[in-house]
Amino acid sequence: MSEESKYLVEVKDLKQHFKVQQGFFGSTYLKAVDGVSFNIKPGETLGLVGESGCGKTTVGRTLLRLYQPTSGEVRFNGELVTDKNITSLRKEMQMVFQDPYSSLDPRMTVEDIIGEPLDVHHLYANKKERRDKILDIMQLVGLNAEHATRYAHEFSGGQRQRIGIARALAVNPKFIVCDEPVSALDVSIQAQVINMFEDLQAKLGVAYLFIAHDLLIVHHISDRIAVMYLGKIVEIADADELNDSPIHPYTLSLLSAVPIPDPNKARESKRIILEGDVPSPLNMPSGCPFRTRCKYATEKCAAECPTLTDRGNGHMVACWNK
Amino acid sequence: MEMPKKNLLSAQLDLKKFEKATDEEKRQADVMSESTTFFKDGMRKLMKNPLAVGSIIVLILVVLMITVVPAFVPYSYEEIISVNGVRDSSAKNLAPFEYSTLEQQYIAEGGKIFPHIMGTDELCRDYFIRVVYGTRVSLFVGLFASIVVLVIGVLYGAVSGYAGGKIDLIMMRIVDIIYSLPDLLVIILLSVVFRETLDLSGIPVIGSLGSNMVSLFLVFGLLYWVGMARLVRAEILSIKENEYVLAAKSIGAKPGHIIKKHILPNCISVIIIATALQIPSAIFTESYLSFLGLGVALPMPSLGSLANSARQAMSSNALKLVFPATMICLIVLAFNLLGDGLRDAFDPKLRK
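Heads up: the sequence lines are chains P and L, in that order.
Quick note: the first sequence uses numbering that gives the first Met the number 0, first residue 0, plus one each step.
Quick note: the second sequence uses numbering that gives the first Met the number 0, first residue 0, plus one each step.
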């Protein structure tokens, strides 16, 4: 196997800066994603965690060229993704959205929603084939055939998310960006949907970029996890490795915030509570973005931004001190 | 299988008290409301709205009247009544179902005369057929002007709202400029120009309506679409922020597909309402232009010009004003109520 085809998705130094108007004349840049690099193997799940506003969703959307990236490159199957080939690559890369209520067109029936990707890419010869394909996918995500002619508003949140997943699966993609697909659902429904994601992966061999802020869910579904803070990835490791021996101080505090089901253990554990607020992404601290809230911060942290370095076993951490 | 209780106060359920659902019972739970297409469903709901159904009936009756009545009423809208080939100058300003002295003579001699259902006007013309023709002209003007407004306004608004940014800015400033032009002045100027330059006598429908109507349509096409364009743009600006538009983009849909399949269907209720309101507004515009002498060319009547000429003789013959005014009210009210009904019926979010 050549070096190029080892990874399905390769992201290198991806940057997404949004122009923000300040006052009447001045404008500044909001660095939503600031130099993110990661790779995803075929059939693998990479979890992406971080608090609200740290740029997780923007990474997913920029990756799929829903936003024009400021700089950096994305390779899919070794092929550089550009404006020219993105239309054909959309068959390979799909997205499941966070909000199952606003991501489905209220004017369309379930059949039309799932059939839309087929229409756009002309993936059927006649109406019967289109219908058969749609019914197959619906069965795959656990929807009944009689649901096909209903409208999205007639379904519950979990069912709507299944419709969204079916739409993403319709073109038989190799890679799906799941943008917080369960955070709008009830906990009991979350489990169903998460298990469905795993089943689908086992059946279809599709790779996920699974964006979430719930570490427990991410740990459950992911092979590897990347932790983001203010537009940068601070740590990437295998899911179990990250859970058992986190290195970056931000990951440590995130993990300590995860609720523990056993009250005896929970009493013994110590929460690491971060001081201060997340700095505004309009006015980022110099050097390491986390240094303003880090108890290990030194002068070096303010002067220079740490890069991701391998600490063995592919456990990459961006920190000077740990 | 009996399960032993852990303790006396346990809330543990006794499985023996439950029985499995039969297949039929399971099927009963599956049956849900029958599914239909978007259009069928909307029409079904529309038909349950008594006001909307009433408006549809009124509009159908009006349309039937203006198409069927001229075929069996023996008078024409410009014909001065004559009896036995003799011009009847006594048939001036007759009351409804009244006959002139000449006609009474003729009937007494055994002849048959079709009654003047709404009487006659001051030029001895049958008023009923003039009201029918006036309704025809007014409806035609209203519908045609609304279609012009609809097509231009929706296209312009959709492009402006979807493109956004600088294109939107420029397109909306053009709309602002057009908004500030005095429409009446433009109509007057255009009609003066057209009266001198255009020869419409050869063209079938437009020719009998006159050059004033051409300038009216032109003004609707030039100026009146801006309201529709603004409405559509505002609606599209909010719709395109929805995630399903982003989802369509992530599927690989082109902008044309997104506008056609997602954005326009979602602002259709706004467009329907605006169009339904545009028709009566166009009828009103035609009426006040007729009032100013800028309406349809004589002797072609319109509801506006009929009402205007009746106004002068209001003290002597008030009914002459009542007939065209009632027609205007009926048509305008029916379109408004129908527009409301359509909006309620075709908005799935309001559906029970």
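Hints are supplied without guarantee of correctness; some may be wrong.
Unchecked claim - The calculated lysine-lysine pairs, modelled on DSS-like cross-linking and capped at a C-alpha distance of 27 angstroms, are:
1) LYS30(P) / LYS248(L)
2) LYS90(P) / LYS47(L)
3) LYS173(P) / LYS132(P)
Derived by calculation from the structure, the hints in this document are not laboratory data.
Now for the hints, and whether the structure bears them out:
no.: 1; hint: LYS30(P) / LYS248(L); verdict: holds, 23 angstroms
no.: 2; hint: LYS90(P) / LYS47(L); verdict: violated, 44 angstroms
no.: 3; hint: LYS173(P) / LYS132(P); verdict: holds, 17 angstroms
When each numbered hint is compared with the structure, a violation occurs for hint 2 only.
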